[in-house]
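When you get a sec, could you build the whole thing from the sequences and use the hints?
Protein sequence lines correspond, in order, to chains A and B.
Residue numbering for the first sequence follows our numbering, beginning at 14 and increasing consecutively.
Residue numbering for the second sequence follows our numbering, beginning at 14 and increasing consecutively.
FYI, nobody ran anything at the bench for these hints, they're computed from the structure.
Careful, some of the hints might be misleading.
[Claimed, not checked] List time: in silico PhoX-like cross-link candidates among lysine-lysine, alpha-carbon distance up to 25 Å:
(1) A:LYS96 - B:LYS339
(2) B:LYS224 - B:LYS283
(3) A:LYS99 - B:LYS339
(4) B:LYS283 - B:LYS252
(5) A:LYS253 - B:LYS199
(6) A:LYS362 - B:LYS96
(7) B:LYS96 - A:LYS361
(8) A:LYS19 - A:LYS199
(9) B:LYS199 - A:LYS224
(10) A:LYS287 - A:LYS339
(11) B:LYS164 - B:LYS19
(12) B:LYS224 - A:LYS199
(13) B:LYS287 - B:LYS339
(14) A:LYS30 - A:LYS149
(15) B:LYS305 - B:LYS149
(16) A:LYS99 - B:LYS361
(17) B:LYS322 - B:LYS362
(18) A:LYS252 - B:LYS19
(19) A:LYS96 - B:LYS361
(20) B:LYS362 - B:LYS339
(21) A:LYS361 - A:LYS39
(22) A:LYS253 - B:LYS19
(23) A:LYS199 - A:LYS164
(24) A:LYS199 - B:LYS253
(25) A:LYS252 - A:LYS224
(26) B:LYS19 - A:LYS224
(27) B:LYS362 - A:LYS96
(28) A:LYS252 - B:LYS199
(29) B:LYS19 - B:LYS30
(30) A:LYS99 - A:LYS111
(31) B:LYS253 - A:LYS19
(32) B:LYS339 - B:LYS305
(33) A:LYS283 - A:LYS252
(34) A:LYS253 - B:LYS164
(35) A:LYS362 - B:LYS99
(36) B:LYS362 - A:LYS99
[What the hints assert, rightly or not] Derived coverage of chain B by chain A (criterion: at least 3 residues anywhere in the stretch with Cβ under 8 Å from a Cβ of chain A; other residues may be distant):
(37) 125-132
(38) 235-243
Just so you know, even glycine gets a beta-carbon here, dropped at the ideal spot from N, CA and C.
Given next are the chains, with one letter for each unit.
2 protein chains.
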Amino acid sequence: MQQPFKIPADEIARRIKGIQKEMQAKDIAAALIVQRVDLFYFSGTAQNGNLYIPAEGEPLLLIRKYMPRALGESSVRRIIEIKSVKDLPLRISDVYGKLPGSIGFEFDVMPVREFNFYRQLFPDTDCVDASPLIHKVRMIKSDWEIRQMEKTAELSAETFEYIRNHIRPGYTEMELSGMFEAFARKRGHGAQLRVRDYQTEGYPWHVLSGKSGGMVGVLDSPASGEGTSAAFPCGAGAKKIESNEPVMIDVGWVFNGYHADETRMFAIGKMPEKAMRASEAVIEIHNAVLDKAKPGVSLDELVQFAVGKAETLGYAEQFLGPPGYKVTFIGHGIGVELIETPIIAAGKKDRLEAGMTFALEPKMVFENEFSAGVESVFQVTETGARLISRVPVEIFIC
Amino acid sequence: MQQPFKIPADEIARRIKGIQKEMQAKDIAAALIVQRVDLFYFSGTAQNGNLYIPAEGEPLLLIRKYMPRALGESSVRRIIEIKSVKDLPLRISDVYGKLPGSIGFEFDVMPVREFNFYRQLFPDTDCVDASPLIHKVRMIKSDWEIRQMEKTAELSAETFEYIRNHIRPGYTEMELSGMFEAFARKRGHGAQLRVRDYQTEGYPWHVLSGKSGGMVGVLDSPASGEGTSAAFPCGAGAKKIESNEPVMIDVGWVFNGYHADETRMFAIGKMPEKAMRASEAVIEIHNAVLDKAKPGVSLDELVQFAVGKAETLGYAEQFLGPPGYKVTFIGHGIGVELIETPIIAAGKKDRLEAGMTFALEPKMVFENEFSAGVESVFQVTETGARLISRVPVEIFIC
Chain A
14 MQQPFKIPAD
24 EIARRIKGIQ
34 KEMQAKDIAA
44 ALIVQRVDLF
54 YFSGTAQNGN
64 LYIPAEGEPL
74 LLIRKYMPRA
84 LGESSVRRII
94 EIKSVKDLPL
104 RISDVYGKLP
114 GSIGFEFDVM
124 PVREFNFYRQ
134 LFPDTDCVDA
144 SPLIHKVRMI
154 KSDWEIRQME
164 KTAELSAETF
174 EYIRNHIRPG
184 YTEMELSGMF
194 EAFARKRGHG
204 AQLRVRDYQT
214 EGYPWHVLSG
224 KSGGMVGVLD
234 SPASGEGTSA
244 AFPCGAGAKK
254 IESNEPVMID
264 VGWVFNGYHA
274 DETRMFAIGK
284 MPEKAMRASE
294 AVIEIHNAVL
304 DKAKPGVSLD
314 ELVQFAVGKA
324 ETLGYAEQFL
334 GPPGYKVTFI
344 GHGIGVELIE
354 TPIIAAGKKD
364 RLEAGMTFAL
374 EPKMVFENEF
384 SAGVESVFQV
394 TETGARLISR
404 VPVEIFIC
Chain B
14 MQQPFKIPAD
24 EIARRIKGIQ
34 KEMQAKDIAA
44 ALIVQRVDLF
54 YFSGTAQNGN
64 LYIPAEGEPL
74 LLIRKYMPRA
84 LGESSVRRII
94 EIKSVKDLPL
104 RISDVYGKLP
114 GSIGFEFDVM
124 PVREFNFYRQ
134 LFPDTDCVDA
144 SPLIHKVRMI
154 KSDWEIRQME
164 KTAELSAETF
174 EYIRNHIRPG
184 YTEMELSGMF
194 EAFARKRGHG
204 AQLRVRDYQT
214 EGYPWHVLSG
224 KSGGMVGVLD
234 SPASGEGTSA
244 AFPCGAGAKK
254 IESNEPVMID
264 VGWVFNGYHA
274 DETRMFAIGK
284 MPEKAMRASE
294 AVIEIHNAVL
304 DKAKPGVSLD
314 ELVQFAVGKA
324 ETLGYAEQFL
334 GPPGYKVTFI
344 GHGIGVELIE
354 TPIIAAGKKD
364 RLEAGMTFAL
374 EPKMVFENEF
384 SAGVESVFQV
394 TETGARLISR
404 VPVEIFIC
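Right, dumping it as structure tokens:
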């Protein structure tokens, strides 16, 4: 039956303490967690409910549906059942004796209409943005979280091995994606990748073969691929994978809520010389960035270093996308969502800290020809980057 | 390569005219479409950009990325490239000679933070909610749209046939879902179902076998299933499908942006008597509601009729969920999103109109035992309901 997975009580306590510290520093009296992934992160359950976190003291989990499962999943001590969100003010003032002077909401995901509804529930309360605080806490992973990500990485490595053994000329990109996802689900893949931004659709089928890799498009990524139609114009499409062409496969994995995001180059038969050199170059950039990724280095420095390296290797034109359509980042945070803060983007002055986890993805686009890219998940430790990924950092000739 | 699919120009013109009529009635000077599905619906492209629709006259499509694909996909006549969203006010006043007095935004999906950004771009403009207008236009499907949904329904029917032929004892729920999704992608499934509400995750793997069907949970649906972990506690899980148990399989399909959403009961070997009777009862309710679904009938009347029918058949306790956890709806609109307005929910006084399309899903939950349900897609015509679904409305004994 359901995997015996539960976020440990001390882990939940650490997270609550973390956000309370941020709330105290910003003088926010309470946070009301609404979004499902944040709720899972701070309470251990993703049932339908809200988590009320005062700046000091015990949090209160208010569950609409379904109380028995929430009780089994969450280690929050005070859990009560409510019939409607409208009950929140009364239940909160019941427990805490009063309503807070200010409440932080997730302004980065909560729609305007829903916010207006919450605001009228708390007419005398100052409603502010709690999302920066949430991201700041989530950004630093505990050892327990690193272990969860390592489990996901093991399963992802098996999936790459499966692809290596099963890729054949004649499969369409979408067909191959269906095959490796079916394999992955058998091994525990949760099927749904979590992405926070409502305009970004996370999906595990970014299979770009040959010319598909040379297609720019909607994605905030160097290559969009063809997709299945104008309705979903990115990722795998109906193109058949051929022998002797570069195939870039970006696999997203989620296990017990923790993500992996990895990319490797494949070729059936022989990788064309130009693509082989480019694939080797992105691996060289990837490894050089890992060597440099130590606490204290700024995100911008990492990007500039990667761009400089690409220039040195003769790939200034293709690196991060074709001229005019380059993306500004080489990696992104990862954890209970596929894309988390911080983004390793140009201009970002924030510095690496121990406990951060990233998907590092230097990619090149040869417009109308192909993509060459590599992507691994790593953690920042006191002494430098440590790969969480278990997939060999190499080019897969099948 | 990409399926030669394009929303016809007269279809786009009809939609623009439709929302302009609503805007004029509500005295909204312009709408700014931001969300990707709405953009696809009103412009034909889902590239990264915005569609500006004045209450009268030609719309303006402003594309950030990627112009060549937007030009190929959209029949909007005025399409311009912009570097940043910040360029919107200047480009709009360039084209129309002035900025509008009011702009409608998608308040039901646009996060507070993004809205605040747009609002400061238009400091002298009244920002209002355009989402009810958008839904009102999208609610009524054209003949062209019905044909798209029929194509999707054909492919979905093949998928049910695949399941019927491949379901075996010993597969886990998630394993079976991977198998039929792999088959479906080969036939053109777009893999990503579109759901509007950020708290609702649409997925095509709602496989609930035996006791999994008896599990209440987070979903606003009679049965949640077990899911893969506390992080994603609904849908298919790790339970193995057994012979002689009721298996409820709810398949979501999307093809060229148009959805299907269908449920059938399966059993390997023999359906237990109690589940067989319940499965026959939901089909009886399903067919009776279809007979009653004519223009002019209110949504509430349909629900009350279905509930009355369930009572008559002796299933008051199980219908729409166990006591205390019943949902209030028996169906929902469907089209370019899996769940659209209107919802066939208790208390809704709106009336059926020709051109509406619904997924009708009467379901019962026998808590801790199993679910029995059926779901089909139908359109409302002048003379009554017409099934779009092509899957036989029967119980699949395999």
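Structure-based check of each hint:
1. A:LYS96 - B:LYS339: holds (12 Å)
2. B:LYS224 - B:LYS283: The given pair, whose Cα atoms are some 16 Å apart, holds under the 25 Å limit.
3. A:LYS99 - B:LYS339: Distance of about 19 Å is within 25 Å: holds.
4. B:LYS283 - B:LYS252: Holds, at about 19 Å.
5. A:LYS253 - B:LYS199: holds (11 Å)
6. A:LYS362 - B:LYS96: Between LYS362 of chain A and LYS96 of chain B the Cα gap is close to 23 Å, so the pair holds against 25 Å.
7. B:LYS96 - A:LYS361: holds (20 Å)
8. A:LYS19 - A:LYS199: holds (21 Å)
9. B:LYS199 - A:LYS224: holds (20 Å)
10. A:LYS287 - A:LYS339: Given pair LYS287 of chain A, LYS339 of chain A holds - Cα atoms ~20 Å apart, limit 25 Å.
11. B:LYS164 - B:LYS19: holds (15 Å)
12. B:LYS224 - A:LYS199: holds (20 Å)
13. B:LYS287 - B:LYS339: Answer holds: LYS287 of chain B to LYS339 of chain B is near 20 Å, not above 25 Å.
14. A:LYS30 - A:LYS149: Holds. LYS30 of chain A to LYS149 of chain A sits at ~13 Å (cutoff 25 Å).
15. B:LYS305 - B:LYS149: At roughly 23 Å apart (the allowed maximum being 25 Å), LYS149 of chain B and LYS305 of chain B satisfy the hint.
16. A:LYS99 - B:LYS361: This hinted pair holds, its Cα atoms lying about 20 Å apart.
17. B:LYS322 - B:LYS362: holds (20 Å)
18. A:LYS252 - B:LYS19: holds (18 Å)
19. A:LYS96 - B:LYS361: holds (20 Å)
20. B:LYS362 - B:LYS339: Answer holds: LYS362 of chain B to LYS339 of chain B is near 20 Å, not above 25 Å.
21. A:LYS361 - A:LYS39: holds (22 Å)
22. A:LYS253 - B:LYS19: holds (22 Å)
23. A:LYS199 - A:LYS164: holds (15 Å)
24. A:LYS199 - B:LYS253: holds (11 Å)
25. A:LYS252 - A:LYS224: Holds - the C-alpha atoms of LYS224 of chain A and LYS252 of chain A are around 9 Å apart, at most 25 Å.
26. B:LYS19 - A:LYS224: holds (21 Å)
27. B:LYS362 - A:LYS96: It holds: about 23 Å lies between the C-alpha atoms, which stays within 25 Å.
28. A:LYS252 - B:LYS199: holds (11 Å)
29. B:LYS19 - B:LYS30: holds (19 Å)
30. A:LYS99 - A:LYS111: The given pair, whose Cα atoms are some 16 Å apart, holds under the 25 Å limit.
31. B:LYS253 - A:LYS19: Holds, at roughly 22 Å.
32. B:LYS339 - B:LYS305: Holds, because 23 Å separates the two Cα atoms, which is no more than 25 Å.
33. A:LYS283 - A:LYS252: Answer holds: LYS283 of chain A to LYS252 of chain A is near 19 Å, not above 25 Å.
34. A:LYS253 - B:LYS164: holds (23 Å)
35. A:LYS362 - B:LYS99: holds (23 Å)
36. B:LYS362 - A:LYS99: holds (23 Å)
37. 125-132: Holds: 4 residues of the region 125-132 of chain B have a Cβ under 8 Å from chain A.
38. 235-243: n = 6 at 8 Å, threshold three: holds.
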